[in-house]
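Peer 1: We have chain A; now place chain B onto it with these hints.
2 protein chains.
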Amino acid sequence: MEWQKALRRICSDRKSSAFVLTKKSVRLLARMAKSGIGATKLVKVAEKIFNAHPAMASVWHIAQITHKLAGSPKNLISALEQFLADMEAHAKASISHASDWLPEGKILTHSFSSLVFQSLICASQKEKRFEVICTASFPGGEGILLARELVKAGIKVNLVSDLQSFVWLTQCQAMLIGADAWCEDGVVHKVGTRILALFSRQWGLPVWSIGTSEKRLPVRWSERMKGEAPLLVRDAISQDRTLYDLTDWELITGVIDEFGVHRL
Amino acid sequence: MEWQKALRRICSDRKSSAFVLTKKSVRLLARMAKSGIGATKLVKVAEKIFNAHPAMASVWHIAQITHKLAGSPKNLISALEQFLADMEAHAKASISHASDWLPEGKILTHSFSSLVFQSLICASQKEKRFEVICTASFPGGEGILLARELVKAGIKVNLVSDLQSFVWLTQCQAMLIGADAWCEDGVVHKVGTRILALFSRQWGLPVWSIGTSEKRLPVRWSERMKGEAPLLVRDAISQDRTLYDLTDWELITGVIDEFGVHRL
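Which chain is which? The protein sequence lines are A and B, in order. Add 37 to a position in the first sequence, counting from 1, and you land on the number used in our numbering. Add 37 to a position in the second sequence, counting from 1, and you land on the number used in our numbering.
Excised from the complex, chain A in its bound form:
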């Protein structure tokens, strides 16, 4: 069964951004609904995806939509497709706002957010001059991937180890991150974001998070949102698998969404 394979892939994917996984989830659910798969199964699949990614707000919204409309495949497909279209339109608007807002100089980021990446590309096209300090972002090392993509796009980059970044942030104009979720207590994002934000604010560096309203998750942070990080090494050594942490709202200077730039 093709869709079961796709489901397993989505559930075990620890590399792709929330944005990419949301697209894949919508496509999968729409395909399943089109092929006549029943409501109970659809709801289960949507819940399974959210349980595999409990820190991804957009996947929570998809599960909500599926729960509400699974009995009416046509409406479900249309609502899911509308959700995706909205999310894409919102992303474009957020990227445009972020690229206008982006200060020149050095920008610190952590992990790989599609929205951060596209905002930087867009700011570069607007001829802003900046350099991106990318943390390697272990476990996972998504910052290395981001650095590679930015270099390909002709953007000035400095790749630093996660602990080296504390020296670099003192030279930065802003820390800009994405968000896996904007939950009730703060921003859910790659592990390490909290300590970087804490130190940034102590230093006086503003910390901004870019997202869209689909990132809003109307629940409180819980331990299960920590997710499951890839292993640092394959050896039989006990390892911390925490993938996400919570950066309290009080550490966040502001957010950028499709409506604009909001200082908190």
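There's no promise every hint is true.
Intra- or inter-copy, both count: the list cannot distinguish identical chains.
DSSO-like cross-link-like pairs, simulated, lysine-lysine; straight-line CA separation at most 27 Å [what the hints assert, rightly or not]:
id : residue 1 : residue 2
1  : K263      : K143
2  : K129      : K81
3  : K143      : K61
4  : K189      : K263
5  : K189      : K61
6  : K193      : K52
7  : K263      : K193
8  : K85       : K111
9  : K165      : K129
10 : K85       : K71
11 : K61       : K71
Treat the hints as calculated values from the structure; they're not laboratory data.
Peer 2: Same frame as chain A, but now just chain B:
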């Protein structure tokens, strides 16, 4: 020429501990002196090693000895061998003091110090109960090697990414590191030590450094002591190559050397 190959290896070695590199340097210089190589050459070689490892105190002492005694090969060899023998005896004494001092519970360490490793082994033989939180310690990842060696020795280990460690340190009884040098301004050690020590002390966690008197470097910290870290990735991406940083004495709770445990 065999010694030139050995010299190149010592100079380019970014993985071995100061302890291991010091032994190799002494062996090389003694071998050269025995084979009748002239004083000027010997001094140059000793300086070359120190210039390649400007943060390693013991290598500085070796260069001092070579400078003083290069004209008298017999005396040089005997002084170098005495230095090595002293350093080994001092290491044993330090390890014994550290293993007596080591608190039970969770111990945070960063990078791979031979003295820390052996102190942990010794404490374990004394039936102390503890778990070692090893930071991965990028760039280089020496903490992964340490975790592997500790597991082999039957010691309980938790390997954590460099940024995950800030959560773990709040559960620890002490942070224990080695030292590349105890210089005038503080402890020179793997990059990231400073921010970990800063946060540890803010949290109330004591920070201890184990070494021997051969680690004392009577000079001030300078930019050249930053060393040259291995690359995070081989791509043509600009990367921070800082290998060492300075942890000011005011962040260090105390040091352990061959004379005992000294609270500062």
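Peer 1: Work down the list of hints and note, for each, if the structure agrees.
Peer 2: Checked hints:
1. Only between protomers do K263 and K143 lie at most 27 Å apart by alpha-carbon distance; the minimum there is 22 Å, versus 29 Å within a single protomer.
2. Within a single copy, K129 and K81 get their C-alpha atoms no closer than 31 Å, and across copies no closer than 61 Å, so neither meets the 27 Å cut-off.
3. With identical chains, the CA atoms of K143 and K61 are never at most 27 Å apart, being 33 Å at best within one copy and 42 Å at best between copies.
4. Taking CA atoms no more than 27 Å apart as the test, K189 paired with K263 passes in neither setting, with 32 Å inside one copy and 29 Å between copies.
5. With identical chains, the CA atoms of K189 and K61 are at most 27 Å apart within one copy only, with a shortest distance of 25 Å there and 43 Å across copies.
6. Taking CA atoms no more than 27 Å apart as the test, K193 paired with K52 passes inside one copy only; the shortest distance there is 24 Å, against 30 Å between copies.
7. Taking the closest pair of Cα atoms, K263 and K193 come within 27 Å of each other only across two copies (23 Å); inside a single copy the shortest separation is 32 Å, beyond that limit.
8. Taking the closest pair of Cα atoms, K85 and K111 come within 27 Å of each other only inside a single copy of the chain (22 Å); across copies the shortest separation is 75 Å, beyond that limit.
9. Taking the closest pair of Cα atoms, K165 and K129 come within 27 Å of each other only inside a single copy of the chain (18 Å); across copies the shortest separation is 58 Å, beyond that limit.
10. In this assembly of identical chains, K85 and K71 lie within 27 Å of each other by CA distance solely inside one copy; the values are 19 Å within and 72 Å between copies.
11. Proximity of K61 to K71 under the C-alpha cut-off of 27 Å is restricted to the intra-copy arrangement: shortest distance 15 Å within a copy versus 70 Å between copies.
Violated hints for the displayed structure, listed by number in ascending order: 2, 3, 4.
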